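If you read the protein sequences in the order shown, they are chains A and B. Using my numbering, the letters of the first sequence correspond one by one to residues 1 to 176. Using my numbering, the letters of the second sequence correspond one by one to residues 177 to 352.
Derived by calculation from the structure, the hints in this document are not laboratory data. No experiment lies behind these values; they were computed from the predicted model shown. Virtual Cβ for every residue (Gly too), placed ideally from N, Cα, C. A few of these clues could be false.
To be verified - Below, simulated BS3-like cross-link-like pairs (lysine-lysine); rule was C-alpha separation at most 25 Å, straight line:
1) K124(A) with K259(B)
2) K214(B) with K186(B)
3) K38(A) with K259(B)
4) K214(B) with K124(A)
5) K46(A) with K316(B)
6) K266(B) with K131(A)
7) K83(A) with K259(B)
8) K266(B) with K222(B)
9) K316(B) with K45(A)
10) K83(A) with K213(B)
11) K45(A) with K186(B)
12) K45(A) with K266(B)
13) K266(B) with K46(A)
14) K97(A) with K38(A)
15) K131(A) with K25(A)
16) K124(A) with K213(B)
17) K124(A) with K316(B)
18) K46(A) with K307(B)
19) K222(B) with K45(A)
20) K300(B) with K124(A)
21) K266(B) with K90(A)
22) K90(A) with K259(B)
23) K266(B) with K83(A)
24) K300(B) with K45(A)
25) K131(A) with K307(B)
26) K37(A) with K259(B)
Said to hold, decoys possible - Some chain A residues well away from chain B (every beta-carbon gap over 12 Å; in silico):
27) L79
28) L115
29) E116
30) T127
31) K140
32) V144
Claimed, not checked - What the simulated footprint calls covered on chain A by chain B, stretch by stretch (three residues with Cβ under 8 Å from a Cβ of chain B suffice, anywhere in the stretch; the number is not a length):
33) 117–125
34) 128–134
Number of protein chains: 2
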Amino acid sequence: MTQIAVLIGKDFEDSEYSGPAQAFKDAGYRLVHVGLKKGETVTGKKQATPVQIDMEADFANPDDFDALLIPGGYSPDNLRAHKGPVRFVKQFMERDKPVFAICHGPQLLISAGKLEGRKATGWKSLTCDIKYAGADFVDKEVVVDKNLVTSRQPSDIPAFIEASLKMLEAARAKAA
Amino acid sequence: MTQIAVLIGKDFEDSEYSGPAQAFKDAGYRLVHVGLKKGETVTGKKQATPVQIDMEADFANPDDFDALLIPGGYSPDNLRAHKGPVRFVKQFMERDKPVFAICHGPQLLISAGKLEGRKATGWKSLTCDIKYAGADFVDKEVVVDKNLVTSRQPSDIPAFIEASLKMLEAARAKAA
Chain A
1 MTQIAVLIGK
11 DFEDSEYSGP
21 AQAFKDAGYR
31 LVHVGLKKGE
41 TVTGKKQATP
51 VQIDMEADFA
61 NPDDFDALLI
71 PGGYSPDNLR
81 AHKGPVRFVK
91 QFMERDKPVF
101 AICHGPQLLI
111 SAGKLEGRKA
121 TGWKSLTCDI
131 KYAGADFVDK
141 EVVVDKNLVT
151 SRQPSDIPAF
161 IEASLKMLEA
171 ARAKAA
Chain B
177 MTQIAVLIGK
187 DFEDSEYSGP
197 AQAFKDAGYR
207 LVHVGLKKGE
217 TVTGKKQATP
227 VQIDMEADFA
237 NPDDFDALLI
247 PGGYSPDNLR
257 AHKGPVRFVK
267 QFMERDKPVF
277 AICHGPQLLI
287 SAGKLEGRKA
297 TGWKSLTCDI
307 KYAGADFVDK
317 EVVVDKNLVT
327 SRQPSDIPAF
337 IEASLKMLEA
347 ARAKAA
């Protein structure tokens with residue numbers, strides 16, 4: 001079964017987790033919530049959506065997953081203050097496996113040093129950070145660059161899901 | 177009377193506002209709270225400390241102030257999604273007036289394009305952003321570079337206040 005790692009911490013943007021998570025589950029993918037502390041319940045910053053952490057980032061191995069989802073909100077900034085989540089994202093990118101990052105999600109890609117030379121988008125407050133990090137910032141609802149899918153904000157969720165599912169299906173077809 | 181602009185928005189780090197604000201008031205400085213909407217009350221992310229906004233950033237003029245304080249927390253990232261706060265910080269830096277930024281405060285300096293070639297510190301999650309923005313990141317409790325005072329986190333507050341007050345006194349002595 002295809003497994004998707006969801007890298008998530010406290011104060012995530014509820015809809016940027018719930019929307020893609022539901023769509024991926026509906027499409028038959030299994031989600032594993034990777035965070036700072038196994039068993040901990042983190043909540044969204046607006047509707048306090050609860051998410052229980054299944055696995056600590058320190059022990060997560062990209063080889064066990066087929067894709068990585070990084071919801072936005074304050075979660076990415078909280079996670080990137082720790083080594084485990086940054087290492088996990090870095091390894092995912094180095095293996096060219098599908099990475100889906102929305103809103104503040106690209107903050108983790110910046111800390112992993114993996115936006116250099118890439119086309120990407122993100123929440124408007126990150127525009128300067130993304131450009132300084134060496135990426136070509138594109139102001140579009142979804143930007144697909146090789147293994148990387150990025151979007152800007154909650155209103156981009158439908159386009160973000162569509163592009164992510166398309167990439168997952170392509171990877172599944174290739175593996176079959 | 178010497179006026180200090182405090183650039184502040186929702187979900188600021190309570191102690192990074194309260195500590196310096198009290199110290200500046202005790203030293204005889206007047207604080208003007210600059211934010212997104214005049215009259216609005218914004219609150220801290222931990223203790224929900226209330227702060228009423230005195231002036232909108234869109235209408236704030238650095239010439240009316242002697243220094244700028246930027247507390248951390250989620251406030252700087254919320255503010256830098258808007259043009260007014262970024263323009264205000266940019267103009268402050270261009271006039272070489274004292275700017276005191278702690279924790280996530282440097283995010284506003286990055287968006288203003290004003291960290292290039294500077295020595296600075298900030299919250300650990302911003303290390304990469306600060307370096308990518310062209311600054312020399314220094315992992316110390318307080319870094320003073322010309323008009324700019326930066327610190328990393330709440331535990332640095334005493335050193336941050338001491339360096340900021342020293343700079344304010346020097347500016348006051350020079351003006352007298």
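Assess, step by step, whether the Cα of K266(B) is no farther than 25 Å from the Cα of K131(A), and give holds or violated. holds, 18 Å
Can you confirm whether the C-alpha distance between K124(A) and K259(B) stays at or below 25 Å? holds, 11 Å
Sort out whether K46(A) lies within 25 Å of K266(B), counting only the CA atoms. Measuring from Cα to Cα gives roughly 31 Å; hence the hint is violated.
Take a quick look at whether K131(A) and K25(A) sit within 25 Å of each other, Cα to Cα. Violated, because 33 Å separates the two Cα atoms, which is more than 25 Å.
Given as non-interface: T127(A), which should sit over 12 Å from chain B by C-beta: violated, 8 Å
Stated coverage of the stretch 128–134 of chain A by chain B [criterion: 3+ residues, CB within 8 Å]: holds (count 5)
Once the closest CB in chain B is found, is it more than 12 Å from L79(A)? violated, 8 Å
Check whether the Cα positions of K37(A) and K259(B) lie no farther apart than 25 Å. Judged against 25 Å, a Cα distance of about 37 Å means the pair is violated.
Next pair to validate is K124(A) with K316(B); report whether the Cα-Cα distance is within 25 Å. violated, 30 Å
For a C-alpha distance cap of 25 Å, please report whether K266(B) and K83(A) respect it. violated, 32 Å
Would you assess whether V144(A), listed as outside the interface, keeps its beta-carbon beyond 12 Å of every beta-carbon in chain B? For V144(A), whose nearest Cβ neighbour in chain B is about 23 Å away, the distance exceeds 12 Å, so it holds.
Measure nothing beyond the straight line between the CA atoms of K83(A) and K213(B); if it is 25 Å or shorter, mark the hint as holding. Violated: K83(A) and K213(B) sit about 37 Å apart, past 25 Å.
Hint compliance for this structure: hints 3, 5, 7, 8, 9, 10, 12, 13, 15, 17, 18, 21, 22, 23, 26, 27, 28, 29 and 30 are broken, all remaining hints hold.
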